[in-house]
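Protein chains: 2
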Amino acid sequence: MSRDEPSSVDLRVGPELLVRTVAGVPTIEVGDDLFEVIASSLERAEIALADGDVIVVASKIVSRAEGCFVDLGSIVPSDAAHELGGELLKDPRLVELILRESVGISRKTSGALIVRHRLGFISANAGIDSSNAAPSNAPKGSGPWVLTLPRDPDASAALLRSKLCERYSSEVAVLVTDSWGRPFRRGTVGFALGVAGLPAVWDRRGAIDRHGRVLQATESAVADSVAAAADLVAGQANEGRPLTLVRGLHFKASHDSAAVLLRDPEDDLYA
Amino acid sequence: MSRDEPSSVDLRVGPELLVRTVAGVPTIEVGDDLFEVIASSLERAEIALADGDVIVVASKIVSRAEGCFVDLGSIVPSDAAHELGGELLKDPRLVELILRESVGISRKTSGALIVRHRLGFISANAGIDSSNAAPSNAPKGSGPWVLTLPRDPDASAALLRSKLCERYSSEVAVLVTDSWGRPFRRGTVGFALGVAGLPAVWDRRGAIDRHGRVLQATESAVADSVAAAADLVAGQANEGRPLTLVRGLHFKASHDSAAVLLRDPEDDLYA
Chain A
1 MSRDEPSSVD LRVGPELLVR TVAGVPTIEV GDDLFEVIAS SLERAEIALA
51 DGDVIVVASK IVSRAEGCFV DLGSIVPSDA AHELGGELLK DPRLVELILR
101 ESVGISRKTS GALIVRHRLG FISANAGIDS SNAAPSNAPK GSGPWVLTLP
151 RDPDASAALL RSKLCERYSS EVAVLVTDSW GRPFRRGTVG FALGVAGLPA
201 VWDRRGAIDR HGRVLQATES AVADSVAAAA DLVAGQANEG RPLTLVRGLH
251 FKASHDSAAV LLRDPEDDLY A
Chain X
1 MSRDEPSSVD LRVGPELLVR TVAGVPTIEV GDDLFEVIAS SLERAEIALA
51 DGDVIVVASK IVSRAEGCFV DLGSIVPSDA AHELGGELLK DPRLVELILR
101 ESVGISRKTS GALIVRHRLG FISANAGIDS SNAAPSNAPK GSGPWVLTLP
151 RDPDASAALL RSKLCERYSS EVAVLVTDSW GRPFRRGTVG FALGVAGLPA
201 VWDRRGAIDR HGRVLQATES AVADSVAAAA DLVAGQANEG RPLTLVRGLH
251 FKASHDSAAV LLRDPEDDLY A
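Protein sequence lines, in the order shown, are assigned to chains A and X.
Residues 1 to 271 in the working numbering are what the first sequence spells out, letter by letter.
Residues 1 to 271 in the working numbering are what the second sequence spells out, letter by letter.
Hints are computed from structural coordinates only; laboratory data are not their basis.
Hints should not be assumed to be uniformly reliable.
Computed footprint of chain X on chain A; a stretch qualifies when at least three of its residues, placed anywhere within it, have a C-beta under 8 Å from a C-beta of chain X [unchecked claim]: (1) 221 to 234; (2) 252 to 265.
In silico SDA-like cross-links for lysine to any residue, where the CA-CA straight-line distance does not exceed 20 Å [stated by the list, open to error]: (3) A:Lys108 x X:Asp267; (4) A:Lys108 x X:Leu269; (5) X:Lys108 x A:Lys108; (6) X:Lys108 x A:Ala271; (7) A:Lys90 x X:Asp267; (8) A:Lys108 x X:Pro265.
Using N, Cα and C, we set each Cβ at its ideal position, and we do this for glycine too.
Here chain A stands alone, though its shape is the one from the complex:
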């Protein structure tokens, strides 16, 4: 173990990381068993998972399997949603759904409604996806359809992880991720919404720098960094490439949930 990796740290990365699309995932329908789909895709790709592998799953396919489709035609907006929709030039039915998925509004402007999701994340439109969002059996004339975030991404990640660990007799990790925008900077990057097995934040406080001084700002957002790397190969084509293998991390199984990645709202200078 080199000086860069004190033994008190339960994570080591590299020196080489492989980020690989697991091809051939079919379009997921409501009720599909995601574990079976993932295991079959891995098998077809001739990938045998091993200790330290991280399987990154686009939240969209978790939502599809869970049936998180909503027909906006079925939504009756409240007066508040009508008013806000008029103000923001947004469909009041979508605004109503965003408000139902959220616990508070962070920012609003023409076209953008940024909220704190019930799961704790700050995200535009509560992470609701309007593209590729119809179930395959949608009745003619229904919709427009949208897709909400999975009900409990940590639980979904944990369930997949437990089955994958068993199938491969290995300590693997699972992330459920999405592509979101962020303050200050243009473009989307990957974020971890569900975490199982991987340390979400790598706390190196107490580690020593090369001059023998204790490191100061040393919390690394490992799960978000892995999500960003996977998003790069998944691209925007989340349905086409919703499954990514990240190989090259070495970690002790962690109990971190995605909530570990969230700043306490009271300490957040921007929320």
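Chain A is already provided as a structure; the job is to place chain X on it using the hints.
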């Protein structure tokens, strides 16, 4: 070319991405020729760069080579820096330096001073680094020393890129990156401060989803995602692992600078 990659898009990623530490980079001293250091390190690692390779350089070694060391003992704080330092419980000499490096304050709270850097980024403490920050020839009794961000990370990236392209007769890209915190979420991730050759933002507006509809939110922050992936293997030990090779992107040389990644302050809901 698959459906996921319309021909109008000048970038393709994967299906496999390799993120690899280039080992053996020595401690950089003021005046070192970074290109020679990088070329030697690549040679020792038996890496020959090829079209599409991205070399990710931690901003810290660019700063060190440029001599961006500041002896806080030499700084005479203004009255404003004294006042702000008292309010934030921060060394007024460091506050003075942060203000000199910045064009405006975004947020301030006890311990944290978040500013818009003269280069346009929003960052804590203007990206000034207080760890591992002394030059090796610092006189006894001098300091404490800190290290500011490179003077012009885009220009540094462009110069390195041009020399690497020539040396390897290949179209490569160079990023200069740093690890920063962000709103809403705990932990640091990698960000691109200097970009040369790589499309910084991948604009897929106009691309078609699998149902034949035009994609909506389709700007992917490619350079930041690559920076995040590289940061994962570089870890906090930026001086020990300041050089990363990312292989598996396919792109036409772009003229994007890191400024492409910055939201217009007037449109930024959080700045």
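Now the hints, each set against the structure:
1. 221 to 234: Three-residue rule met by the region 221 to 234 of chain A, so holds; n is 10.
2. 252 to 265: holds (count 4)
3. A:Lys108 x X:Asp267: At roughly 12 Å apart (the allowed maximum being 20 Å), aspartate 267 (chain X) and lysine 108 (chain A) satisfy the hint.
4. A:Lys108 x X:Leu269: Given that 20 Å is the threshold and the Cα spacing comes to 8 Å, the pair holds.
5. X:Lys108 x A:Lys108: violated, 23 Å
6. X:Lys108 x A:Ala271: holds, 14 Å
7. A:Lys90 x X:Asp267: holds, 18 Å
8. A:Lys108 x X:Pro265: holds, 16 Å
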